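Each chain, letter by letter, is given below.
2 protein chains.
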Amino acid sequence: MQSAEAKFNKNSLLLTLRGYSSAVSDMEQTILLPSLLRDVPSDEAWDCEATEESCRDLYSNYLTLKAIRNTVESSLILLDDHKAKSHTALNKTLEPLLDTDPETLFRFHLRGLFSVMSDLTKKTQSLTVKYMDIIGVAY
Amino acid sequence: MQSAEAKFNKNSLLLTLRGYSSAVSDMEQTILLPSLLRDVPSDEAWDCEATEESCRDLYSNYLTLKAIRNTVESSLILLDDHKAKSHTALNKTLEPLLDTDPETLFRFHLRGLFSVMSDLTKKTQSLTVKYMDIIGVAY
Numbered sequence: 001m002q003s004a005e006a007k008f009n010k011n012s013l014l015l016t017l018r019g020y021s022s023a024v025s026d027m028e029q030t031i032l033l034p035s036l037l038r039d040v041p042s043d044e045a046w047d048c049e050a051t052e053e054s055c056r057d058l059y060s061n062y063l064t065l066k067a068i069r070n071t072v073e074s075s076l077i078l079l080d081d082h083k084a085k086s087h088t089a090l091n092k093t094l095e096p097l098l099d100t101d102p103e104t105l106f107r108f109h110l111r112g113l114f115s116v117m118s119d120l121t122k123k124t125q126s127l128t129v130k131y132m133d134i135i136g137v138a139y
Numbered sequence: 001m002q003s004a005e006a007k008f009n010k011n012s013l014l015l016t017l018r019g020y021s022s023a024v025s026d027m028e029q030t031i032l033l034p035s036l037l038r039d040v041p042s043d044e045a046w047d048c049e050a051t052e053e054s055c056r057d058l059y060s061n062y063l064t065l066k067a068i069r070n071t072v073e074s075s076l077i078l079l080d081d082h083k084a085k086s087h088t089a090l091n092k093t094l095e096p097l098l099d100t101d102p103e104t105l106f107r108f109h110l111r112g113l114f115s116v117m118s119d120l121t122k123k124t125q126s127l128t129v130k131y132m133d134i135i136g137v138a139y
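Those protein sequences? They're chains L and S, same order as listed. For the first sequence, this note's numbering gives the first residue as 1, with consecutive numbering after it. For the second sequence, this note's numbering gives the first residue as 1, with consecutive numbering after it.
Treat the hints as calculated values from the structure; they're not laboratory data. Hints may be right or wrong, so weigh each one.
[To be verified] Just so you have them, the derived chain L footprint on chain S, three or more residues with Cβ under 8 Å:
1. 101-111
2. 116-123
[As the list claims (entries may be wrong)] Far from chain L by the CB rule (all over 10 Å, computed), these chain S residues:
3. Thr30
4. Pro34
5. Ser35
6. Asp57
7. Ala67
8. Thr71
9. Thr128
10. Val129
11. Lys130
12. Ile135
13. Val137
14. Ala138
[As the list claims (entries may be wrong)] Over the 12 Å line for every Cβ pair with chain L, so calculated as not near, a few chain S residues:
15. Pro41
16. Tyr59
17. Met132
Quantities reported herein were computed from a predicted structural model and do not represent experimental measurements. Glycine is no exception: its CB is placed at the ideal position from the N, C-alpha and C atoms.
All chains, full assembly: derive it from the sequences and hints.
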């Protein structure tokens with residue numbers, strides 16, 4: 001069990017999750033006045049409708065990135081969550097595609113998690129840099 | 001960083017991955033003669049076409065479960081893999097659904113990973129019990 005733990009500590013899924021958590025901590029420590037981000041339009045591609053809260057301004061982005069970090073760090077909640085919501089609309093839509101092969105499904109979700117965490121880490125770093133711009137400090 | 005590590009070690013994604021790895025180790029230690037599983041039809045619902053190798057017999061299931069464990073334990077390979085294959089047919093199909101909101105995407109993949117790992121752990125335990133049946137030992 002000890003050697004299994006050592007393996008997992010080295011694997012990159014853990015490093016990816018930890019990297020995101022670390023980027024959000026940096027963001028929090030840098031952004032001492034989050035309210036300065038209010039009403040600053042987000043030019044970052046969030047790929048979402050302008051009516052959604054997380055797309056409105058940099059302050060909304062800041063809150064969303066923190067909320068996701070909390071989910072990353074307390075994914076015990078998600079485990080219960082998945083039991084209750086195992087048949088969401090999204091899963092329903094994907095059933096014909098994904099129920100075919102558990103190995104493909106595993107690779108698909110692992111790859112997807114890497115991809116989205118990497119994307120969110122970049123967004124967090126970009127938001128931190130924008131705050132520095134706003135307060136006129138070179139990063 | 002230390003406290004972040006402590007948090008991740010406790011979170012259930014890690015426990016889920018470790019639980020699967022542990023189930024496969026038990027299976028390997030129990031199944032001393034994997035060849036006894038050859039040509040034993042799999043009545044486990046693998047949700048796949050009978051022509052796929054992993055559905056043919058219990059021996060194929062055994063090999064697949066071990067291969068997935070190896071991927072779980074060395075997901076560094078997958079990180080490179082995702083860069084090269086970020087636009088697979090599967091991702092292409094899902095683009096209109098999933099490009100809308102990174103938080104939803106994150107929750108979807110995390111929940112999906114829990115679900116598939118939980119499923120694979122059960123399959124591994126079930127295969128181990130079947131082997132014990134074959135050799136006539138009560139588990």
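Checklist entry - Which earlier hints turn out false for this structure, listed by number in ascending order? => result 7 and 8
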